[in-house]
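Student: Throw the hints in and build the complete structure from the sequences for me.
Note that the protein sequences, when read in sequence, are chains A and B. Residue 0 is where the first sequence starts when you use numbering that gives the first Met the number 0, and the numbers rise one by one after that. Residue 0 is where the second sequence starts when you use numbering that gives the first Met the number 0, and the numbers rise one by one after that.
These are computed hints drawn from the structure, not numbers from a lab. You may find that some hints are simply not true.
To give a feel for the contact side, a few chain A residues facing chain B, derived at Cβ under 10 angstroms [to be verified]:
#1 Arg4
#2 Phe11
#3 Lys292
Just so it is clear, the structure is predicted and the values come from calculations on it, not from any experiment. Glycine included, each C-beta is placed from N, C-alpha and C at the ideal position.
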Amino acid sequence: MNFFRKLLSIFFYIFLMLVLFFNFEDLFQKPEVDAKAFKLSLKEVSQEVNVDFVHENRLQFRKEIDNLLQGLKPFYEAFSASVSVVDINQDGWSDFFVPSTKRGSRSHLYINTGHGRFVEKARDYALDLLPEPVRAGFFDCDNDGEPEMLLTTNHCPILYKKDSLGQYKKIYKFPEPCQMSTAFNIFDYNRDGYLDLSVAAFSHIVPNNWHNSNNGPGGVVFYKNEGQCRFSRDTKDLNERNRRFTHAIGVVDSRNKERQDLWAATDFNLDRIFFQKDDDSYEQADEILYNSKAHNGMSVEPYYLSGDSYPSVFISQVYQPRYAVTGNQLWTFDGHKFVDSAKEQGVNKCGWAWGALFEDLNNDGRPDLIVSNGFISGDPQNQYWSMMNRFAPSSRRYLSNSINWRPVNNTTWSGHERDCVFMNTPKGFVNVSEAIDFDKDKLDGRGLVSIDLLNNGKLSVIVANQKQKLNFYKNETPSEGHWIGFRLIGKTSNRDGIGTKIKLKLENGNTLVRAHYPFNGYSAQKSSKIHFGLGPYKVAEVIVHWTNGLQEKYLNPKLDAYHSLEEGQGVAL
Amino acid sequence: MKHYRIDLTIPKLGDPRILFLIFTMVFLFLGLRLPSFGGNFFDYCMLAGCCMIFDFILRKMITGEWVFPLSGLTTAFGIFIVCDVIDNIYYLPIAFLAMGSKAFLQIQGRHIFNPGAFAIVISNLGLVHAVSPEAILRWTGDLKLSLFIFLCGLFLAIKVRRWAVVLAFYGVSILVSPTLSLFSPIPPLSYVHNLMWEGIVIMAFFMLTDPKTSPSHMKNQLLYGGFIAILAQYLRFLEFRLPEHTALLVGCLVYAIFRKYSLEKDSAEVWKIKEVHIELF
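Tutor: Below is the structure:
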């Protein structure tokens, strides 16, 4: 026994040394990725395509508090870089808009010439000088075929409409109280054919608790579209007392009941989920996420990863060794509760994650995942995480006063992080961003979208970086299969086709599903062209579920092309 | 037919560890009902199971006795409310660190470190990609809860005759912090709020007062509490992660070395225990 005890004690000492000095992470590290095996090429070409944009943000508070909050301004200014894809001139080519938040700075609207380049034309549309814009959402609120624009700002949201000269003019400013917001979604919640708004806010105040804050700007507010772009506030269902900090609102049929559930990605607290009932009202269902450890939700990106079963919802969170190891989440409903499989799928670690986007980058039939990350990139030697040790463990009253926070100034707070590109392989997701040199400058990514530059099924990627230059990554990956794309035109359903579900039945029996909610994600608007990678298979039939309940079928569509699906033109089921 | 008998040592009802156990169970029961608590009962059972198994087996190996693993159960509580893990499998090495420190890191037959504090500090230092002290931020920030913990902790500290340690810890902290705030942009009130924070209250009343690793004579208790206070405040000033737990570890080591070479021996702590004999077929 003595000998055995001595042996065990030696083992303990060795174990202790190993824990302290050996990096166990290396043991669990996946083998180095061979980028050539994936043949993925996302080359940064912003100069080549004539995109030259640097996001700016500088807040100016009231004189009496501006000096007091000076040190925290990098924190307050860290939330507003967004990008919106829109075919603003209706020529069939995807354009995109990027607002610059700083007062007096110019936002940019890039018009796709169709030849692989863009022309900046914000002034022509009167979109260059906007009042401290944060995020834009282009949608047809009166179903006249022309996109209006919802603009959230550092204050209240504003609605714009094109005038007879094609310039955007303010037609409505939403009333107070309102706060800085990246969190809105536009969809037809009551299926009356008009697109409604759901808005939540993040604001410029600090939380009173890191995981259980209750001093946020408020709940999720609905604005019902009465027709002709007139909106009335409708809060009877979501007028909740819990005041949270919301980064994004996602819409998803999470329980496969043809309902439009809401998922509010919430910082400093649990995410909020609202199940839609049969009468289109909502009931809060947060308890389903009890025991979720990650309370820094930034983005909501749903996707049907497994064909026709329940959709998976990717929530960006924070992963920072030493301080926050819970990481991203990938929630899927199993009939009774949501189950998080991010770790098993290999997508839980991507630094301080923001925007997220599922798209099939190589058309192999499996959707890949791109995640933008990085919070505040300052002096790498000066880490804000360690400064938080001084004031983080405090009472609510103390923490809620921003004067008690350490100044951020030129520190780094999860900065200098490389965005992630998770390739979907038969063995799970693999992060190949380093192998393909994606985001080599390690900028602070926020809004993230895909855009088909040449309408050839190869999706390029745009990343809006906070107070830094925009990145445009051209997809030059050799296609590993066929693709097909759709543009929806509603008739009795809303004209943009938002909320429509498309199911592709392939010749091998598999089903691919996508629901068209372009405002999911974080601070981004996706293209109205819905892209599917098919791999080597052809499409046997396309089934479209319009939001008004109509289901239509289209047979044997031509591959490697975009199709306009107009409501009523298919074969009714 | 052959009979087997196990002689098992278990605590009596008056043993202070039973009080602590009741506190932890009530705390966990209430905490697990909170949405923001983040953990679940299965996670705690896994951690507690690992700690208890290691405690049970290692104690048998070291002392030759079967002892009910109460220490493992209470140690698991301290770790559970502080540490987040990326995967529950990491509870295994954390539990081994905790109970192994008790079994193998000893001076004069007494373990040096509070097992929970040891595991928390070492795992957060070494397993940085998998363990973080974020869990403690998930249920803290409420002054009412702080008061509840303070009252329970005070009762326990009096019961184990260690209230002087806590008094010294808080007293010296309050004296030292204004001095440190002169060299830092953080106002003195920050240190006060920090001292009232639930995580510190639990550490002070439940870990600092561990009778096995803290002095029993009042004079030594005051020195011990004061030393840890100064070190903790200084580590916090240096923006060290887990400053209080780290200071506790250093304090335990200093006290253990002092006890080895001191002429004045602290009395060995005696729990209220009894032996039970379990007959197996």
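Student: Look at each hint and say if it fits the structure.
Tutor: Do the hints match the structure? See the list:
With a least beta-carbon distance of about 6 angstroms to chain B, the hint placing arginine 4(A) at the interface is held under the 10 angstroms criterion. Proximity of phenylalanine 11(A) to chain B holds as hinted, the smallest CB-CB distance being about 4 angstroms (cut-off 10 angstroms). The beta carbon of lysine 292(A) is positioned within 10 angstroms of a beta carbon in chain B (closest approach about 4 angstroms), and the interface hint is therefore held.
Violation of the numbered hints given earlier is absent; every hint is satisfied by the structure.
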